[in-house]
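Student: Below, each chain spelled out in residue letters.
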Amino acid sequence: MIEVKNISKSFGGQQVLNGIETTFEKGKTNLIIGQSGSGKTVLMKCCIGLFDIDEGEINFDGRGFSGLGEKKKKDIRKEMGVLFQGGALFDSFNVEENVMFPLNMFTKMSLEEKRERVNDVLNRVNLPNAHKKLPSELSGGMIKRVAIARAISLRPQYLFCDEPNSGLDPKTAEVIDELISNLTEQFNMTTVINTHDMNSVLQIGQKISYLYKGNLWWEGSNTEIMHTDNEELNDFVFSTELTRRLKVKR
Amino acid sequence: MKIIAEMGEYAMLMFQAFKRPDKGRVFRRQLMMDFQDLGANSIGIVAIISVFTGAIIAMQTAYNMDNPLLSLKLVGFSTRQMMILEFSPTIISLILAGKVGSSIASEIGTMRVTEQIDALKVMGINPANYLILPKITASVIYNPLLIIFSMFLGIGGGWLACIVTGLVPSSVYIEGIQSWYDPFTITYALIKTVVFAFIISSISGFKGYTVSGGSVEVGRNSTQAVVYSSILIIIFDLILTQLLLV
Ligand SMILES: Nc1ncnc2c1ncn2[C@@H]1O[C@H](COP(=O)(O)OP(=O)(O)O)[C@@H](O)[C@H]1O
Ligand SMILES: [Mg+2]
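These protein sequences, in sequence, are chains A and B.
Letter 179 of the first sequence, counting from 1, is numbered 179 in this note's numbering, and no numbers are missing.
Letter 156 of the second sequence, counting from 1, is numbered 156 in this note's numbering, and no numbers are missing.
If you're looking for bench data, these hints aren't it; they were derived computationally from the structure.
Each residue gets a CB set at the ideal place from its N, CA and C atoms; glycine is no exception.
Careful, some of the hints might be misleading.
Pairs of lysine-lysine, BS3-like flavour, derived with a Cα cap of 30 Å [said to hold, decoys possible]:
| # | chain 1 | residue 1 | chain 2 | residue 2 |
| --- | --- | --- | --- | --- |
| 1 | A | 247 | A | 73 |
| 2 | A | 114 | A | 72 |
| 3 | B | 99 | A | 114 |
| 4 | A | 247 | A | 207 |
| 5 | A | 132 | A | 108 |
| 6 | B | 23 | A | 78 |
| 7 | A | 71 | B | 73 |
| 8 | A | 247 | A | 74 |
| 9 | A | 132 | B | 23 |
| 10 | B | 2 | A | 74 |
Derived Cβ-Cβ restraints for the label pairs, each shown as a range [to be verified]:
| # | chain 1 | residue 1 | chain 2 | residue 2 | range |
| --- | --- | --- | --- | --- | --- |
| 11 | A | 137 | B | 41 | 40 to 48 Å |
| 12 | A | 97 | B | 98 | 49 to 57 Å |
| 13 | A | 219 | B | 234 | 36 to 44 Å |
| 14 | A | 61 | B | 214 | 53 to 61 Å |
| 15 | A | 219 | B | 24 | 42 to 50 Å |
| 16 | A | 78 | B | 214 | 27 to 35 Å |
| 17 | A | 71 | B | 185 | 33 to 41 Å |
| 18 | B | 33 | A | 71 | 48 to 56 Å |
| 19 | A | 134 | B | 220 | 23 to 31 Å |
| 20 | B | 231 | A | 131 | 41 to 49 Å |
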């Protein structure tokens with residue numbers, strides 16, 4: 001469980017996050033939703049310590065994180081996997097080297113053990129034969145899957161995904177969503193997903209936090225979100241033709 | 001004000017970069033890649049420019065010496081002096097600032113905007129140390145080798161020009177390059193080269209590391225990396241010449 005306690009963040013006078021208070025639950029897919037520019041990425045980067053927060057506190061299963069120095073942060077980072085928006089694979093390394101990278105950095109596993117682990121996670125993301133390919137030779141969906149494999153190679157407790165299905169076709173997007181959701185269950189991870197995709201919200205939104213202009217505006221589940229009378233949330237949820245038709249049906 | 005803030009940021013980044021690498025093996029691997037990218041891949045351009053410049057210096061000196069009292073030995077002598085003192089260390093460094101500087105800045109800048117640097121940090125790595133230190137080390141070791149190579153080729157190019165044009169007999173040119181030789185000129189050239197190599201790699205690393213935005217900013221910062229390092233090279237050329245040769 002990750003506790004986010006009253007965190008605020010501004011960049012040069014522009015307030016981006018405003019006293020956010022929430023928890024991300026273990027074994028569940030916790031979604032942060034909101035329009036582009038609402039602060040989802042900044043919130044996620046505050047959680048993993050890439051941005052220093054101005055105020056507030058972040059705890060990982062009771063362990064304080066936000067106030068720690070880089071060295072101490074490393075201990076908790078060992079238990080984190082992060083999927084960045086564009087995948088952030090290292091261009092000069094092939095798939096195998098990318099996935100093995102965290103193992104090289106954080107563990108003293110033998111080469112054989114590392115190979116075994118790499119094979120295991122690449123199988124889990126359904127890419128059993130891509131070891132020697134370079135990132136430039138992969139499709140968008142494959143890049144995301146390799147990045148997921150890299151993120152889970154250390155068997156993390158916490159998984160963060162920034163817009164995991166942006167830029168993908170609906171079918172591939174669904175595959176990625178399912179993959180993340182299944183992995184969360186299998187490894188009993190605390191998974192946090194940034195998204196603005198209503199399909200993901202309905203499909204895997206076990207707990208949803210709606211960000212509106214840097215404020216936490218609404219929280220609930222994917223069944224509750226269809227019946228809310230919160231005006232800004234309704235605007236967001238029913239902003240597409242597809243979701244509007246869904247509403248009429250109900 | 002902005003310049004002072006930027007200098008502070010640069011100093012902090014260098015402080016981060018100059019920490020002991022966590023994993024020696026990883027550092028050596030990066031270093032080898034950078035030797036290849038930043039050093040070996042520059043041999044061609046350095047060779048071509050040096051040979052031609054040496055030839056041009058020799059020919060110009062020869063054509064401009066119509067006073068019969070001046071010894072033709074001066075052709076070899078001045079080619080040697082110009083190559084060692086100024087051309088090889090400074091002009092080749094300026095060319096490397098363009099080639100190597102922009103490649104460092106755009107490589108690291110691209111890693112910044114595609115969040116690869118964030119990914120490194122999450123994996124417990126000090127990205128400044130991992131990315132910038134090997135590049136500085138590679139440049140500071142490799143550039144002096146390139147510069148010595150350039151000196152030899154330049155002097156050789158001058159000799160070739162003398163033979164081909166028949167302006168100066170080979171033996172006179174060779175006598176010229178052996179005359180009035182002061183070994184300190186080589187030391188002076190190498191000190192300059194090392195300073196310039198540090199300027200190129202660290203400024204370009206800094207400009208790449210601090211990109212924010214997208215591909216447009218990566219391009220803008222690479223250009224700035226080249227401009228800033230070139231200006232600093234010229235300024236430090238003046239300072240070092242004053243300090244070392246007076
Ligand atoms: N490094 C930064 N420096 C300054 N402003 C930033 C930075 N990162 C994000 N912002 C600003 O914070 C706001 C929220 O951005 P972000 O979290 O990326 O939105 P999104 O919800 O689309 O992920 C935007 O207005 C953006 O301009
Ligand atoms: Mg975002």
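Student: If a hint holds in the structure, say so; if it doesn't, say that too.
Tutor: We went through each hint and held it up to the structure:
no.: 1; hint: A/247 to A/73; verdict: violated (45 Å)
no.: 2; hint: A/114 to A/72; verdict: holds (25 Å)
no.: 3; hint: B/99 to A/114; verdict: violated (38 Å)
no.: 4; hint: A/247 to A/207; verdict: holds (21 Å)
no.: 5; hint: A/132 to A/108; verdict: holds (23 Å)
no.: 6; hint: B/23 to A/78; verdict: holds (16 Å)
no.: 7; hint: A/71 to B/73; verdict: violated (64 Å)
no.: 8; hint: A/247 to A/74; verdict: violated (46 Å)
no.: 9; hint: A/132 to B/23; verdict: holds (24 Å)
no.: 10; hint: B/2 to A/74; verdict: violated (33 Å)
no.: 11; hint: A/137 to B/41: 40 to 48 Å; verdict: violated (23 Å)
no.: 12; hint: A/97 to B/98: 49 to 57 Å; verdict: violated (31 Å)
no.: 13; hint: A/219 to B/234: 36 to 44 Å; verdict: violated (60 Å)
no.: 14; hint: A/61 to B/214: 53 to 61 Å; verdict: violated (36 Å)
no.: 15; hint: A/219 to B/24: 42 to 50 Å; verdict: holds (48 Å)
no.: 16; hint: A/78 to B/214: 27 to 35 Å; verdict: holds (31 Å)
no.: 17; hint: A/71 to B/185: 33 to 41 Å; verdict: violated (47 Å)
no.: 18; hint: B/33 to A/71: 48 to 56 Å; verdict: violated (27 Å)
no.: 19; hint: A/134 to B/220: 23 to 31 Å; verdict: holds (27 Å)
no.: 20; hint: B/231 to A/131: 41 to 49 Å; verdict: holds (46 Å)
Against the hints set out earlier in the document, violations occur for numbers 1, 3, 7, 8, 10, 11, 12, 13, 14, 17 and 18.
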